[in-house]
Amino acid sequence: MGRYVLRRLIQAIPLLLLISVASFAILKAAPGGPLAAYEANPDVRAEDLERLRTAFGLDQPLPVQYLTWITKFAVGDWGHSYAYHQPVLDLILERLPNTLYLMGTVFLTVLVLAIPIGLLTALRQYSFFDHVVTGATFAFLSTPTFWLGLLLIIVFGLQLGWFPLGGMATPGAPFDLGDRLRHLVLPVATLSLVQVGSHVRYLRASMLETINQDYIRTARAKGMPERVVVLRHALKNAAIPLVTVVALDLPEIFVGALVTEQIFGWPGMGRLFWDAATRFDYPVLMGILAVSSTLIVFANLLADVTYGYLDPRIRFA
Amino acid sequence: MGIWTRASASPRADAALQGEAAVRQRGQWEMAFTRFMAHRLAVAGLITLIALALLSALAPAISPYDPEKTALHLIRESPSAAHPMGTDGIGRDLATRILYGGRVSLSVGIAAMAVAISLGTLVGGVAGFYGRWADGILMRVVDAMFSFPRLFVLIILGSLFRGMSPAAIVVALGVLSWMTTARLVRASFLSLKQREFVEAARCVGAGNWRIIFRHMLPNSLAPIIVAATLGVAGAIITESTLSFLGLGVQPPTPTWGNMLQDARDELDRAPWLGIFPGLVIFLAVVSINFIGDGLRDALDPRHVIGRR
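Chains A and B, in that order, are what the protein sequence lines are. Here the first sequence is numbered in my numbering, starting from 1 and rising by one per residue. Here the second sequence is numbered in my numbering, starting from 1 and rising by one per residue.
These aren't lab readings, by the way, just hints derived from the structure by calculation. Keep in mind the model is a prediction, meaning the values are calculated, not measured. Misleading hints may appear alongside valid ones.
Unchecked claim - Listed next, with one range per pair, are the computed distances between beta-carbon atoms:
#1 B:Glu30 <-> A:Asp130: 28 to 36 Å
#2 B:Ala51 <-> A:Leu9: 32 to 40 Å
#3 A:Leu177 <-> B:Ala187: 46 to 54 Å
#4 B:Ala134 <-> A:Leu62: 23 to 31 Å
Said to hold, decoys possible - These stretches of chain B come out as covered by chain A in the derived footprint (C-beta under 8 Å, 3 or more residues):
#5 152-160
#6 234-241
#7 279-286
C-beta: ideal position from N, C-alpha, C; glycine also.
Given the sequences, and given the hints that come with them, work out the whole structure.
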């Protein structure tokens with residue numbers, strides 16, 4: 001087990017390097033470049049442009065630029081933002097907690113809703129409740145996140161006026177938990193509804209499969225109360241595939257947060273990425289791409305490891 | 001003989017069969033078609049999708065309005081008989097723009113998937129058929145591509161080029177979405193390679209190309225078709241998200257995504273602008289997902305047992 005994790009971690013290194021090379025290549029292959037704004041400005045003299053180019057290291061050959069970036073990156077110097085005039089790492093660390101706060105709330109909401117709903121639909125298969133939930137999950141899975149956000153804004157923000165339209169808190173107001181929570185509702189609902197749909201589907205299918213197993217019949221046969229059979233014997237086993245799905249969906253929430261943060265003006269990593277992309281802020285883009293691809297690679301590893309840990313029938317090869 | 005190639009017994013066997021009982025020979029595809037038609041939601045999805053495509057294609061014949069011409073005396077009219085979905089902030093008929101937008105949104109989704117499926121089949125086929133180091137390298141590339149958040153890369157490309165043409169989106173989406181197909185084709189090829197009928201084909205002297213295209217590919221089609229269908233839904237959502245962010249197809253060309261971007265600043269005054277284009281995206285995506293579901297049941301009969 002320990003050796004398996006170690007091997008997977010070592011395998012992740014070349015993978016992440018490959019991803020960083022590709023990210024670097026995409027950014028560098030693009031027209032314009034970070035100095036495009038200055039080049040377009042007739043007031044900027046040619047020798048100043050040259051000086052900037054040298055200062056940013058843009059006069060070096062590409063492989064040298066990449067090596068410089070990656071060696072500095074490894075020791076925590078992630079470069080300097082062109083647009084914010086701040087170290088990239090500081091910028092990211094400043095925004096990351098806001099995104100994690102949003103993602104964490106979504107994550108908990110999804111689990112709290114998906115597990116009981118998935119369980120009930122499986123136990124009452126083909127009931128009215130099951131049909132309604134199955135229909136609803138299918139609908140949410142087919143809804144673009146951004147449109148769901150717009151709809152929630154139209155209905156609950158503008159028409160009913162129940163929740164604020166964006167931001168993390170009322171600007172200028174002193175800290176108020178109720179205010180914070182009200183700002184959280186719409187973005188969390190936007191991100192959660194789609195995820196709840198997919199998790200309910202998985203849990204329902206997995207639960208239906210488990211409930212027909214021999215050991216469930218055995219548990220019933222020896223007189224276990226139904227509650228114990230369902231919760232201890234069936235749910236525990238049925239939840240194993242769900243763990244994998246949840247771990248694999250973490251990056252999805254992260255990417256979904258990008259759009260949601262954009263719609264609701266949430267000052268997180270997604271907004272930062274968006275701003276950096278539209279302002280050609282390469283060091284910031286590289287930093288966020290590195291963070292997010294690392295997150296994806298580790299979410300994959302986490303999924304595999306927890307799966308094997310929870311289900312002893314899986315052997316680590 | 002693959003399971004998916006139409007069973008073509010000899011004429012004599014056919015005659016014998018007809019003599020014994022009036023059993024009509026039915027190929028696998030025909031049986032799959034029957035199963036698909038029995039899936040009511042999938043058929044409804046197919047009809048909806050065809051209707052959407054036809055309405056978009058025939059937009060100039062259906063709508064009396066110009067999708068791009070502004071009409072300042074008709075700004076933000078709420079839905080009425082003359083404008084069933086209302087008009088937007090510069091007086092354009094929303095229903096007309098949705099019809100024209102469907103041309104871009106639907107064809108981009110389908111074309112992007114076609115690119116992705118071709119690439120994925122090629123890569124997965126090479127990896128699965130040749131195995132060894134080709135497999136090792138290609139599957140690492142697949143892993144790396146999977147770790148790239150697709151939307152992030154599209155946003156970077158979109159902002160670098162200040163928006164993208166429909167063709168550029170097709171290529172970019174295709175190049176970023178082929179990995180699932182590659183894994184499916186590879187897995188299928190790896191197992192088919194060991195099967196007797198492939199061995200038999202090799203014994204009678206069939207070359208690699210013939211084995212791949214005549215025997216292995218037809219037997220791998222079922223999962224590819226299902227993945228392709230569901231992939232179209234994903235591509236439509238991604239394209240509309242990109243256009244919604246202002247980085248996809250640029251105005252005045254309407255797409256369902258950039259119409260919603262226009263709507264964002266007017267949600268308080270004209271909520272219908274934010275509702276109808278999204279509703280059409282939803283309708284298209286739901287339809288495609290139902291078709292995918294139906295195809296899965298139709299093409300893989302074993303799958304049905306656990307469901308419904």
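Hints and how they fare:
A hinted range of 28 to 36 Å holds for the C-beta pair Glu30 (chain B) and Asp130 (chain A), which are about 33 Å apart. Taken as a hint, the range 32 to 40 Å is violated for the pair Ala51 (chain B) and Leu9 (chain A), whose Cβ atoms sit roughly 52 Å apart. Hint check: Leu177 (chain A) to Ala187 (chain B), Cβ distance near 51 Å, so the stated range 46 to 54 Å holds. For Ala134 (chain B) and Leu62 (chain A), the hinted distance range of 23 to 31 Å is satisfied, since their beta carbons lie about 28 Å from each other.
For the region 152-160 of chain B, the stated coverage by chain A holds: 8 residues have a C-beta nearer than 8 Å to a C-beta of that chain, and at least 3 were required. Using a Cβ-Cβ cut-off of 8 Å, 3 residues of the region 234-241 of chain B lie near chain A, which meets the minimum of three, so the contact claim holds. A count of 4 residues in the region 279-286 of chain B with a Cβ less than 8 Å from any Cβ of chain A is obtained; the coverage claim is therefore met, three being the minimum.
In the structure shown, a violation is registered for the earlier hint numbered 2 alone.
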